[in-house]
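S.K.: Fit chain U to the given chain P structure using the hints.
Number of protein chains: 2
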Amino acid sequence: MNYRIDNLQYCNWNEDIFMINRQAKLDAVHVTIAYHEDYDEVQKNIDEWKAYFNRFDELIFQGKSYKDIEKANKENKTAIFFGFQNCSPIEDDINLVEAVHKMGTVFMQLSYNNQSLLATGCYEENDSGVTRMGKEVIKEMNRVGIIVDMSHSAEKSTLDAIDISEKPIAITHANPSFWHQAKRNKSETLLKELGQSNGMIGLSLYPHHLLNGTDCSLESFCEMIARTADIMGAEHIGIGSDLCLNQPDSVVDWMRNGTWTKTKNYGEGSKDNAAFPRQPEWFKDATGFDNIKNGLKSLGFNKEEINGVLGNNWFNFYKNYIG
Amino acid sequence: MNYRIDNLQYCNWNEDIFMINRQAKLDAVHVTIAYHEDYDEVQKNIDEWKAYFNRFDELIFQGKSYKDIEKANKENKTAIFFGFQNCSPIEDDINLVEAVHKMGTVFMQLSYNNQSLLATGCYEENDSGVTRMGKEVIKEMNRVGIIVDMSHSAEKSTLDAIDISEKPIAITHANPSFWHQAKRNKSETLLKELGQSNGMIGLSLYPHHLLNGTDCSLESFCEMIARTADIMGAEHIGIGSDLCLNQPDSVVDWMRNGTWTKTKNYGEGSKDNAAFPRQPEWFKDATGFDNIKNGLKSLGFNKEEINGVLGNNWFNFYKNYIG
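As they're listed, the protein sequences go chains P and U.
First residue of the first sequence: 0, per numbering that gives the first Met the number 0; consecutive thereafter.
First residue of the second sequence: 0, per numbering that gives the first Met the number 0; consecutive thereafter.
Rather than coming from a laboratory, the hints here were simulated on the basis of the structure.
A few of these clues could be false.
One copy or two, either will do: identical chains are not told apart, so a pair holds if it fits within one copy or between any two.
To be verified - Simulated pairs of lysine-lysine, DSSO-like, Cα-Cα distance not exceeding 30 Å: (1) Lys101 / Lys261; (2) Lys263 / Lys155; (3) Lys263 / Lys138; (4) Lys73 / Lys191.
Isolated chain P, as found in the complex (with noise of 0.2 Å):
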C-alpha cells in the first residue's frame, strides 16, 4: 500500500482545503495548532478542530496513529495530526507535555525562531544547545510519545536533540542549506546525523525555503532531493509543504512577533516583502504532490523511492516512532 503524507501545513481552514487536500489523494496531514499558543489557548484551537471534524466528517477525522493513516487510505479521508511549532504550550511546567499528549499531539518543536525554555531557535546570534529543562523534556516526550522536531532550531541545539532523544527526531518542515542559503534550512552535517539516526526530513515549498523562491523549478527541487538522498538516504525524506492556504497577511506577522517584541520583526521577508510569498505555480497546492511525482520520475527515481518521498517514509516514520 502507498500512502500520500504532508507532514506540515498551516492553513486557514475551510472545506475547499479539506476537498484539494483529498483530491490531492492526502491520507494524513500534520497540522500546526501552536505557535505563541499557552496551554489554555491552544484548547481554544484544539475546539475549533473538534468543530471542523464534525461539520467535514465525510473528509477528515482526528489521527492520532499510524493506523489512521490506513484508514483514512481505505475510506478516501485525511487523517489529521496535531502538532506544535513551539514548546509555547507547555509554558514551564513538564507535566504538560503528557497533558499536552493526551489531547492528540504528536509533534512538538522545541524551539520556533527564538530561543525557548527548552531549545535555541535559528534566528538567535548564539546557540546553547538544549537547556536543562529541554534535556528532562525530551526525557518526558519520549516516555509519553510526542516527536521531537526541531524545523525552526539552530543547529547545535538540533545535534544536540538528535544525541539525547532515545527516539528519532523529526524535522518536518526545512531544506538543505546546500540548496538555498535561508536560516531555517538544514547543514549537510545535521542531514548526515538526522539519517544515521533514523530521523526524517519533511522538504518545504514555502517560497523563502526555496532556491529562488516564488520562481524556483520543479527540476531544481527535485534535483535538490536526489541531492538530499545522496547525503541522507532516500528513506527518511518526505514532505512537509509549509502550506498556508488563504492566511492573511496578519497571520505571518504574527508568527514573527507574537508578542516578544516592541521592534517589528520581518523574519525571512523584508519591509518591503512583509506578506506570506506566493507559491510556484507547480505547487500551489497539495495536488503539487503529482508534480513532485513526475519530477522525480525524470530524474530517474525509481517507484518504491518517489512513493517514499510521496508519502510511504512518513507513514514508516509514524508507524514505528508514533506507534
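M.R.: Using the frame of chain P, we list chain U on its own:
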C-alpha cells in the same frame, strides 16, 4: 543621612521578622515576590503583601521610590520593594513588563539558574548570552524603570546585559568567585565591568555562597569585601543577604525544581544536604548588619565606606536609577 538597606530577602514573613528588620534598623528591604510564578500567580503574592501592609502598618509599607526610603527612615519603618528572581511573571509577553512595573516591581532577574526566554542561567552548561527577546525586554525595562538583576544568570549573559542596558544593572545577591567558587558567584572580569558601568553588587550571606559555608568567619567575609572594593570600587558594594528566615525546606526544594524537571535537582546542595543551610552565628538575621559594621571597622574601612556598604550605596543607586 545614613540608610540601611538589605537588597534581598525571601523570608516566610510574619510580624517577628518585620520587627527583627526594624531592630536591625533596615530602612528598606528588596523582597522576592516571584521565582517560578507566572503573571496571575504573582498577583496572589501581591495580595498577600497588601494584607501584610495593612496588618503591620506600624512596621512596613510598600516602597516605590528612593523617597520611600527617606520616609521609612524618618518614621522608623521599613520600605518593602518588590522584585522577581526570574522573568516568569512576564511570560512571553513584552507588554507585561509595563504591567508588572505598575504593580511596583523594581528589580527583575532575566533568568533564575536555568535558561529563560531572555538569558542563560548560571547552572546551564552553555551560555548563549542575552536572547532576541532579552534585548527587547531590557529596552522595555529601561523605558518603564525596572532594574535588570543578573544574580542567578551566567557570565556572558551578564556581560551582555551590562552592555545592552542603558541603565546600570544590579546583582542583588551574590559573592565574588575569587573568594568562594560557586556557580552563583561572580568573576573578577564581571565585577570590574559591573563597577565601571555604575552597577551594584549586593553581597550575600547565604551559606552556599560563603567560604566555608555556615562556618564562614566574619573576618573572612569582611576581607572579601575589602578585596571586592579594590576590584570594583567600594561605592558599588552593598548587602543582599538572601535571608530565607522561617522557610520550610519544601521551599528550597520548590526553588530548585519548580515544575521544570521530573528528576530531583539539589541545586547548590546535595542529596545528603538538601535542606536550607544554617546561617553563620554572626548573621543569623538582619541584626548581623552591626557585626559587619564592626568587622569593616576592624579592617580599617572609613565611616563613609562602611555606611556605603550598609545601605548608602544602594540608596544612591535607587535614587539615580529607580527614581
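S.K.: A separate judgement is required for each hint: does it hold in the structure or not?
M.R.: Do the hints match the structure? See the list:
1. Proximity of lysine 101 to lysine 261 under the C-alpha cut-off of 30 Å is restricted to the inter-copy arrangement: shortest distance 18 Å between copies versus 35 Å within a copy.
2. For the homomeric pair lysine 263 and lysine 155, the shortest alpha-carbon distances inside one copy (27 Å) and between copies (26 Å) are both at most 30 Å.
3. In this assembly of identical chains, lysine 263 and lysine 138 lie within 30 Å of each other by CA distance solely across copies; the values are 14 Å between and 36 Å within a copy.
4. Taking the shortest alpha-carbon separations for lysine 73 and lysine 191, neither the intra-copy value of 35 Å nor the inter-copy value of 70 Å comes in at or below 30 Å.
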